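Just so you know, the protein sequences line up as chains D and U, in that order. The opening position of the first sequence corresponds to residue 6 in my numbering, with each subsequent residue numbered one higher. The opening position of the second sequence corresponds to residue 504 in my numbering, with each subsequent residue numbered one higher.
No lab work stands behind these hints, which were simulated from the structure alone. All of these numbers come straight from a predicted model, not from anything done at the bench. Quick reminder that beta carbons are idealized off the backbone N, C-alpha and C, glycines included. No false leads were mixed into what you were given.
Pairwise CB distance ranges, derived in the manner of DEER restraints: (1) D:A295 - U:G793: 47 to 55 Å; (2) U:A555 - D:A150: 52 to 60 Å; (3) U:D709 - D:P196: 23 to 31 Å; (4) U:P824 - D:A108: 37 to 45 Å; (5) D:C250 - U:D777: 35 to 43 Å; (6) D:T424 - U:T573: 36 to 44 Å; (7) D:T424 - U:R553: 28 to 36 Å; (8) U:R548 - D:G341: 52 to 60 Å; (9) U:G823 - D:A150: 38 to 46 Å.
Selected chain U positions facing chain D (in silico; Cβ < 8 Å): (10) A515; (11) A522; (12) L525; (13) A526; (14) A529; (15) V533; (16) A667; (17) H688; (18) R689; (19) G690; (20) A698; (21) L839; (22) L843; (23) R845; (24) Q846.
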Amino acid sequence: MTPGQRGGLIVMALTTAYFVAWAVTQLAMAAVAAVWTWRYRRRQSRRARLLVERVAPPLVSIVAPAFNEELTIVHSVRALLALDYERREIVVVNDGSTDGTLALLQRTFDLVRAPVAYVQPLPSAPVRAVYRSARDPALVVVDKANGGCKADASNAGINAARGELVLVIDADTVLEPDALTRVVLPFLEDPSTVAAGANVAIVNGCGVTDGRLTSVALPRSRLARLQIVEYMRAFLLFRPACAACNSLLILSGAFGLFRRDALIAIGGFDRTAIGEDMDLTLRLQRYYRAARLPFRIAFDPAPLCATQAPEDWQSLRSQRRRWRRGLMQVLWRHRGMIVNPRYGLVGLGSLPYVAIFEGLAPLLEFVSYVLMMVALLLGAVDWRHYAAVVVVWSLLGTAVTMTAVLLNDLVTGRYLAGTDLARLVVTALVENCGYRQLNTWWGFIGTVQALTGKGGWGTMKRRAFQGTP
Amino acid sequence: MLTDVDVLAKLALPVARAAWWLALSATVAVIVERAAVGIGQLRRRRLEARYAPLVRRALAEDEDAERALTACPHRHRLDIATLLIAPLTNDREPGRIASTRRVVEALSLTRDAERMLKSRRWWRRAVALRALGLLQDRRYTAHAVAALDDPSADVRAAALDALADLCDPASLPAVVVRLLDTSLHRGRRAAAVAAFGPAAEPLVLDLAEIDAGHRVCYARALAICGTAAARPALCRWVSGGSRDLRAAALAALAHTGLDPRAATVAVAALETPDPDIRAAAAAALAGWTGCPDATAPLARHLDDHWPVAAAAARALHAMGPSGREALLAAAQRTDLTGRLARQALWRPQAQA
Numbered sequence: 006m007t008p009g010q011r012g013g014l015i016v017m018a019l020t021t022a023y024f025v026a027w028a029v030t031q032l033a034m035a036a037v038a039a040v041w042t043w044r045y046r047r048r049q050s051r052r053a054r055l056l057v058e059r060v061a062p063p064l065v066s067i068v069a070p071a072f073n074e075e076l077t078i079v080h081s082v083r084a085l086l087a088l089d090y091e092r093r094e095i096v097v098v099n100d101g102s103t104d105g106t107l108a109l110l111q112r113t114f115d116l117v118r119a120p121v122a123y124v125q126p127l128p129s130a131p132v133r134a135v136y137r138s139a140r141d142p143a144l145v146v147v148d149k150a151n152g153g154c155k156a157d158a159s160n161a162g163i164n165a166a167r168g169e170l171v172l173v174i175d176a177d178t179v180l181e182p183d184a185l186t187r188v189v190l191p192f193l194e195d196p197s198t199v200a201a202g203a204n205v206a207i208v209n210g211c212g213v214t215d216g217r218l219t220s221v222a223l224p225r226s227r228l229a230r231l232q233i234v235e236y237m238r239a240f241l242l243f244r245p246a247c248a249a250c251n252s253l254l255i256l257s258g259a260f261g262l263f264r265r266d267a268l269i270a271i272g273g274f275d276r277t278a279i280g281e282d283m284d285l286t287l288r289l290q291r292y293y294r295a296a297r298l299p300f301r302i303a304f305d306p307a308p309l310c311a312t313q314a315p316e317d318w319q320s321l322r323s324q325r326r327r328w329r330r331g332l333m334q335v336l337w338r339h340r341g342m343i344v345n346p347r348y349g350l351v352g353l354g355s356l357p358y359v360a361i362f363e364g365l366a367p368l369l370e371f372v373s374y375v376l377m378m379v380a381l382l383l384g385a386v387d388w389r390h391y392a393a394v395v396v397v398w399s400l401l402g403t404a405v406t407m408t409a410v411l412l413n414d415l416v417t418g419r420y421l422a423g424t425d426l427a428r429l430v431v432t433a434l435v436e437n438c439g440y441r442q443l444n445t446w447w448g449f450i451g452t453v454q455a456l457t458g459k460g461g462w463g464t465m466k467r468r469a470f471q472g473t474p
Numbered sequence: 504m505l506t507d508v509d510v511l512a513k514l515a516l517p518v519a520r521a522a523w524w525l526a527l528s529a530t531v532a533v534i535v536e537r538a539a540v541g542i543g544q545l546r547r548r549r550l551e552a553r554y555a556p557l558v559r560r561a562l563a564e565d566e567d568a569e570r571a572l573t574a575c576p577h578r579h580r581l582d583i584a585t586l587l588i589a590p591l592t593n594d595r596e597p598g599r600i601a602s603t604r605r606v607v608e609a610l611s612l613t614r615d616a617e618r619m620l621k622s623r624r625w626w627r628r629a630v631a632l633r634a635l636g637l638l639q640d641r642r643y644t645a646h647a648v649a650a651l652d653d654p655s656a657d658v659r660a661a662a663l664d665a666l667a668d669l670c671d672p673a674s675l676p677a678v679v680v681r682l683l684d685t686s687l688h689r690g691r692r693a694a695a696v697a698a699f700g701p702a703a704e705p706l707v708l709d710l711a712e713i714d715a716g717h718r719v720c721y722a723r724a725l726a727i728c729g730t731a732a733a734r735p736a737l738c739r740w741v742s743g744g745s746r747d748l749r750a751a752a753l754a755a756l757a758h759t760g761l762d763p764r765a766a767t768v769a770v771a772a773l774e775t776p777d778p779d780i781r782a783a784a785a786a787a788l789a790g791w792t793g794c795p796d797a798t799a800p801l802a803r804h805l806d807d808h809w810p811v812a813a814a815a816a817r818a819l820h821a822m823g824p825s826g827r828e829a830l831l832a833a834a835q836r837t838d839l840t841g842r843l844a845r846q847a848l849w850r851p852q853a854q855a
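Required output: the full structure, derived from the provided sequences and hints.
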């Protein structure tokens, strides 16, 4: 065996070992998540509403930053106003939209300029005006100069919020009618709860009328289906496993409920953070763990809300690059927590996992792909060996994805139609044959952009909801 | 001698096999689970089609339907119980509860519930407790009280839910004593006290007299169930308690409403150095128009720390003409206080 052949084999073996380690960790998390989810299902009763009605529930301010959301904003606000939780106010933050978002809101909800006094403990771009709805006193619209990021708009919304709890969502997030009642429960049950999140489903393919989900189906778009299995893995394997040991690293920016005083204590959203949701969750973990204060970050694996996934390659590419830049930035900022026993299971478990299997993954995978391709082209590696390795990766990926599908069935009961299973199995297989590699490439570019300080926020093509009149 | 390449070659096959079996078994597990879910759904639909009309008729006191339900196979009893009891979560109409209890009794379903209460599986105990609570079957109050000490937190939560539903005066001491029990969910403790309402007040006051160390908890309970009878004790606590107790007692006074003595205490509390107490005092004075006059003291606090100022503005707004006058005067200013006053005075109709 020539040194080249030997080197090629070793690269393949190391890469496979990395995949095996990833799959083993994922399956171990799946085991923890399965036990936790089983308990969650057993705990479920239909009494959340009854409990909330009996006690004086906390006032919840729903902060919805909106930048150029004219396609969906009216339906989203209508759905928010129709939530089955009475003690809520809706704070829409128009983040300097250049389309008709503000005008549409003004027309539809009879907004009138109102004197609103509040202190601004969190930094944000200047507020131009505050409007209140003449139709519904629970609706407040903060019109501000564009701050260039969601964090800035969220901070402005939190400043204007009156509630002791603040739900930060995306303007196009579609909430289940009982989402608020359910996500408030951990705060009622355990006074040490500082934040709570939930499973975020993908709305593509679903019917939405007046901002409410009316039907659930797998999307026709293959790209959206590929993202569905990714979301399943993220929300039903990793997060429940982390939630089981209070070491959640991220509450999705599309749906996160926070105690307002906790947000203010840590300075709100960081306007320089690209992945502001993960950065905020980690700062909460850091703050409470460092101060040795009792705290809990709760997670509901049920899909209490849904959000749009990009259906075109360009939007997906810019989203993934941004996520990558955000992840690298967050890992760098909080590097002191990694393998630091002071931060408990976050420092010793979830954060090292993310650093190795998400932070380093694109670099390691990209380098190994390149080396193997070179070895293959030079004849240093037998193509049959290469094919065998690719098959092993695909099978491991499929095993992990099917485990997530199993948990999805148990928790959400979504995509249970006969043809859905076949589509999900095909998606799980196809994902490893090109899509994963493409993601690796985008991740690699995103990492390079993070290191060189390049790359902007990017834009996503929004679509009007299906079934919207 | 084995080289590293040989080792890799030896490992390759087992790894490939393991990956294959993992993928296959995960896929098969999903298929089996989906088949089981499908069969379960089909069974539920069939049972529902068969028994739902009978349940409706039985609830309407149709004896034939009741007999038909009684004659059902034993394996269907839990499904029938679900059809009968689950709707009570949303439908708390006493007539519906009574008729459901009657049918459940006729079908001897309570015996099944008793068995479940003794089950080793915590979720069965929890389901039984919640069902008996929804049925408001007070013969099981003692079971629910005993379950407050269950090793499972979920069963303890279910027991509190059941006690809130049962609202049996016999369980009141147990509920009130557990106000301090942090092993029980905070919201559920409050909900149980709220379910009893003012009936819980005398017991809370008695306990607060004996157990001075936990008066903050009792004051918080009085913010849920307190009435005018609690005012003297609350006034005492505002005048001479710890910081937390004073704030909690003022919050309870906001719930019970004020009398001249309580108003005097609240107005005095507006001048304490602690902003939390001042904010609670301002909130307690909301709507008070009697003697002593609270308008001027509250108006002075429109310049205070933000939570105090906001509470003072809300309190003035709730006072009617006198408070409105004070707010109008403050609204002339151009600073944050002026804006706060304008916000309190603002009405959408006036601007539209």
